[in-house]
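Sequences listed follow chains R and Z, in order. Residues in the first sequence are numbered from 3 upward in steps of one, following this note's numbering. Residues in the second sequence are numbered from 3 upward in steps of one, following this note's numbering.
Hints should not be assumed to be uniformly reliable.
A pair counts as met if it fits within one copy or between any two copies, since identical chains are not told apart.
In the EDC-like style, the derived pairs of lysine to aspartate or glutamate whose C-alpha atoms are separated by at most 16 Å in a straight line are [unchecked claim]:
1) Lys194 to Glu169
2) Lys43 to Glu155
3) Lys194 to Glu176
4) Lys50 to Asp116
5) Lys43 to Glu95
6) Lys135 to Glu91
7) Lys50 to Glu89
8) Lys194 to Glu31
9) Lys50 to Glu27
10) Lys43 to Glu157
11) Lys43 to Glu18
12) Lys50 to Asp87
13) Lys135 to Glu89
14) Lys135 to Glu27
15) Lys50 to Glu91
16) Lys43 to Asp154
17) Lys43 to Glu13
None of these hints come from the bench; they were simulated from the model.
Number of protein chains: 2
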Amino acid sequence: MVNPDPQPGWEVVSSEPVYQSPYLEVRSEAVRVPGDGRVRKWITVRRKQAVVVAPMTASGNFVLIRQARIPVRQLSWEFPAGQFDGEAEPTLESLQETAVRELAEETGYTLAGDGALLPLGHFYSSHGFTDEKQHLFVARPVRLSRAGRRPDETEFIAETREFSLGELRQMIAENIIQDANTLAVFARLTAKGLIG
Amino acid sequence: MVNPDPQPGWEVVSSEPVYQSPYLEVRSEAVRVPGDGRVRKWITVRRKQAVVVAPMTASGNFVLIRQARIPVRQLSWEFPAGQFDGEAEPTLESLQETAVRELAEETGYTLAGDGALLPLGHFYSSHGFTDEKQHLFVARPVRLSRAGRRPDETEFIAETREFSLGELRQMIAENIIQDANTLAVFARLTAKGLIG
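Pulled out of the complex, with its shape left as it was, chain R reads as follows (with noise of 0.2 Å):
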């Protein structure tokens, strides 16, 4: 798991391990909080970091998948996501790698010759509890491809759809688009002015 830096002040007084498995570590931890006297005690998940990418097409659709999670006994319509599987910090480049094979796998599609991979930034998905760290992608002009989907055989994906943004937002208007994921990528989509 990618131990994130403490940033300048922070005191990490303890933190050992208390349940472990090779999706989760669970440890307690002691740490004092910049600014303040008191060490706060604390039960911190630790998971690996992911890459989510939005795919365009040329046509200006957005390509999503309805994906098996099995913690919430849903099919859930978002779009492609995938852990970033190295020891080290992740650069750039190994997560765009890692962006574009989760991309063809999950959905299909690739970029296109003139296509790129634009940064988006990241989100923490619940840093109360967990480090869990998702960098965020727009990938476009994506196009379909000929290999064709071959996702990992523990993930269960039941469709792949584009959607026109129109689409898009009235799902996420209507509560159909339910994950942290696809929402933080409209956000930051939306906020840098990428969609109308």
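We have chain R; now place chain Z onto it with these hints.
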């Protein structure tokens, strides 16, 4: 912890706790997805449900707090949020009570006499590994109360400030806002046409 009701067609073959604390519970699960024959083994983190509130003043400003987030060693500008403590599935009324309480405790603001809490749906912070579900509200208009802030003593809130919509948008575009809660609320407000 609230147990998500399986949607029709989901079969929970087994679900055993492997680590428990007052803040989270890790379970080892075996689940069958609708329309899929195989049993999938998964490590799932159960968390309480939570609320997020976007406080808007009569003049259209947003109230944000700068809160210490231990797992990522950061002070983070974000909308106030808090967990729902009931045992049963929350009702809209009980979520609104939690939202009003967290708003007062964390910001020192309160709903004005003509104010209302408008529900914006919910989202899952990271449904690949946790069932954590956040219910979103916009509170408007809010006004500074005489009582002032009284944060929970486990929390560290360094600052409370009003930001214009333009400032909020810029903070999102420039990767200063980094939490799923605030990005999700902004996405819903935008998609619903509630902010310009």
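The hints, checked one at a time:
For a Cα distance limit of 16 Å, the shortest separation of Lys194 from Glu169 across copies, 12 Å, qualifies, whereas the shortest one inside one copy, 20 Å, does not. Within a single copy, Lys43 and Glu155 get their C-alpha atoms only as close as 38 Å, which misses the 16 Å cut-off; across copies the closest is 12 Å, which meets it. When the C-alpha separation of Lys194 and Glu176 is checked against a cutoff of 16 Å, the pair qualifies only between copies, where the shortest distance is 8 Å, while the shortest distance within a copy is 23 Å. With identical chains, the CA atoms of Lys50 and Asp116 are never at most 16 Å apart, being 31 Å at best within one copy and 45 Å at best between copies.
For a Cα distance limit of 16 Å, the shortest separation of Lys43 from Glu95 qualifies neither inside one copy, at 36 Å, nor across copies, at 32 Å. In this assembly of identical chains, the alpha carbons of Lys135 and Glu91 lie at most 16 Å apart only when taken from the same copy (12 Å versus 29 Å across copies). With identical chains, the CA atoms of Lys50 and Glu89 are at most 16 Å apart within one copy only, with a shortest distance of 9 Å there and 31 Å across copies. In this assembly of identical chains, Lys194 and Glu31 lie within 16 Å of each other by CA distance neither inside one copy nor across copies; the values are 37 Å within and 40 Å between.
In this homomeric assembly, Lys50 and Glu27 come within 16 Å of each other (Cα to Cα) only inside a single copy, at 10 Å, whereas the closest approach across copies is 19 Å. Only between protomers do Lys43 and Glu157 lie at most 16 Å apart by alpha-carbon distance; the minimum there is 11 Å, versus 35 Å within a single protomer. Only within a single protomer do Lys43 and Glu18 lie at most 16 Å apart by alpha-carbon distance; the minimum there is 11 Å, versus 26 Å between protomers. Proximity of Lys50 to Asp87 under the C-alpha cut-off of 16 Å is restricted to the intra-copy arrangement: shortest distance 7 Å within a copy versus 29 Å between copies.
With identical chains, the CA atoms of Lys135 and Glu89 are at most 16 Å apart within one copy only, with a shortest distance of 14 Å there and 30 Å across copies. In the homo-oligomer, the alpha carbons of Lys135 and Glu27 lie at most 16 Å apart inside one protomer (15 Å), although the nearest pairing across protomers, at 21 Å, exceeds that limit. Proximity of Lys50 to Glu91 under the C-alpha cut-off of 16 Å is restricted to the intra-copy arrangement: shortest distance 10 Å within a copy versus 31 Å between copies. When the C-alpha separation of Lys43 and Asp154 is checked against a cutoff of 16 Å, the pair qualifies only between copies, where the shortest distance is 14 Å, while the shortest distance within a copy is 37 Å.
In this homomeric assembly, Lys43 and Glu13 come within 16 Å of each other (Cα to Cα) only inside a single copy, at 12 Å, whereas the closest approach across copies is 37 Å.
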